[in-house]
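Visitor: If you use our numbering, the sequence shown corresponds to residues 15 to 320, in order.
None of these hints come from the bench; they were simulated from the model. We put the beta carbon where it would ideally sit given N, CA and C, even for glycine. Wrong hints could be hidden among the right ones.
Stated by the list, open to error - In silico DSS-like pairs for lysine-lysine, Cα to Cα no more than 27 Å straight-line:
| id | residue 1 | residue 2 |
| --- | --- | --- |
| 1 | K124 | K79 |
| 2 | K79 | K17 |
| 3 | K187 | K17 |
| 4 | K79 | K187 |
| 5 | K199 | K187 |
| 6 | K211 | K199 |
| 7 | K120 | K79 |
| 8 | K255 | K120 |
| 9 | K17 | K180 |
| 10 | K187 | K204 |
| 11 | K123 | K79 |
| 12 | K255 | K79 |
What the hints assert, rightly or not - Here are the simulated distance ranges between beta carbons:
| id | residue 1 | residue 2 | range |
| --- | --- | --- | --- |
| 13 | K211 | G261 | 20 to 26 Å |
| 14 | L48 | L139 | 45 to 51 Å |
| 15 | E34 | T188 | 23 to 29 Å |
| 16 | D300 | K124 | 18 to 24 Å |
| 17 | T291 | T115 | 23 to 29 Å |
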Amino acid sequence: MTKRQAERLNMIQVVIQYCELNVAATAAIIAFALTLAAIKAKQLLINQLNQLTLPGTTGVTADTKLVRQALIDIALQLSAAVSAYANSVSNNTLLQEVNYTESELKRLKKDDLDDACQSIHDGALSNILVAADFGYDAADVTALATALLVYRNAQQNPRQTEIAIKSANSQIKTAITFTVNSLLKGQLDKMAKTLKKTNPNFLEGYTNARQIVNLPSDTTGVTGQVIESSISEPVPSASVKLFDRYGTTPLYQTTTDTSGNFSIIPVSPGDYRTEVTATGLQPYVDYTLHLSPGQQVSLVISLNPL
15 MTKRQAERLN MIQVVIQYCE LNVAATAAII AFALTLAAIK AKQLLINQLN
65 QLTLPGTTGV TADTKLVRQA LIDIALQLSA AVSAYANSVS NNTLLQEVNY
115 TESELKRLKK DDLDDACQSI HDGALSNILV AADFGYDAAD VTALATALLV
165 YRNAQQNPRQ TEIAIKSANS QIKTAITFTV NSLLKGQLDK MAKTLKKTNP
215 NFLEGYTNAR QIVNLPSDTT GVTGQVIESS ISEPVPSASV KLFDRYGTTP
265 LYQTTTDTSG NFSIIPVSPG DYRTEVTATG LQPYVDYTLH LSPGQQVSLV
315 ISLNPL
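Could you build all of it, start to finish, from the sequences and the hints given here?
Guide: Structure (structure tokens):
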């Protein structure tokens, strides 16, 4: 993710947080909540796509554990949406093809997971004209296709993985542009302005949240979201800590907001151990985080129930 993209994604996360903390101010505007939900879905997709672009221990080849989890995360969104549509029209054949839980996908072997995610992709693609209103769009289908390509080639064909990573980067650009230009400028900003007379304080805070803060060119940092794997819901108040890879004292730490988002900026370049904990969930520990100078990394971290 480029510096400019990281700045815009950071603004999107600030807007989401501000609106969720002031939900009463917009409760009477029904479309506001729907648009905000669409923005949150795009933000999650951007984080997932960015995770696919992170280099693993071999440089170009992505870390297979991260790739597998990102594939599952993207597939689950489409699975839920198409399953909802299938239920609405009593299409049991389609339901059997696309209806999976996260635990079911995680238990599948490599080839079986490939087949399941391909089935979800095909079901979503073939029904997009009638099922898209249930929570997905063409960009989500393309994102799943990219995730599948990365997953299939991560260990076997570094050249194909490089091509897929370029595709993921292209989709990140498209998703951020759509979120800012269509969902924010085209919809949420205009709805917020309707409150100029009745709630000027909310509008002032919203306007401030919409400002894109320019990060220094050499700023290094980590942002992301923590979700509960069993229900694919954000985890608020989770503790996120960065250690020296084998250190015992955290060098950086923060907690997630009500949407499970977190941001640790700036961070010194280097290699880190990431630890995430939350009440009632299994701790997450990862030793593979590498930050190059000026790099902005966005993570999606899944915590399993105890």
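Visitor: A separate judgement is required for each hint: does it hold in the structure or not?
Guide: So, going through the hints one by one against the coordinates:
no.	hint	in the structure
1	K124 to K79	holds, 11 Å
2	K79 to K17	holds, 26 Å
3	K187 to K17	holds, 12 Å
4	K79 to K187	holds, 24 Å
5	K199 to K187	holds, 16 Å
6	K211 to K199	holds, 20 Å
7	K120 to K79	holds, 11 Å
8	K255 to K120	holds, 26 Å
9	K17 to K180	holds, 16 Å
10	K187 to K204	holds, 23 Å
11	K123 to K79	holds, 13 Å
12	K255 to K79	holds, 20 Å
13	K211 to G261: 20 to 26 Å	violated, 54 Å
14	L48 to L139: 45 to 51 Å	violated, 24 Å
15	E34 to T188: 23 to 29 Å	holds, 25 Å
16	D300 to K124: 18 to 24 Å	holds, 21 Å
17	T291 to T115: 23 to 29 Å	holds, 24 Å
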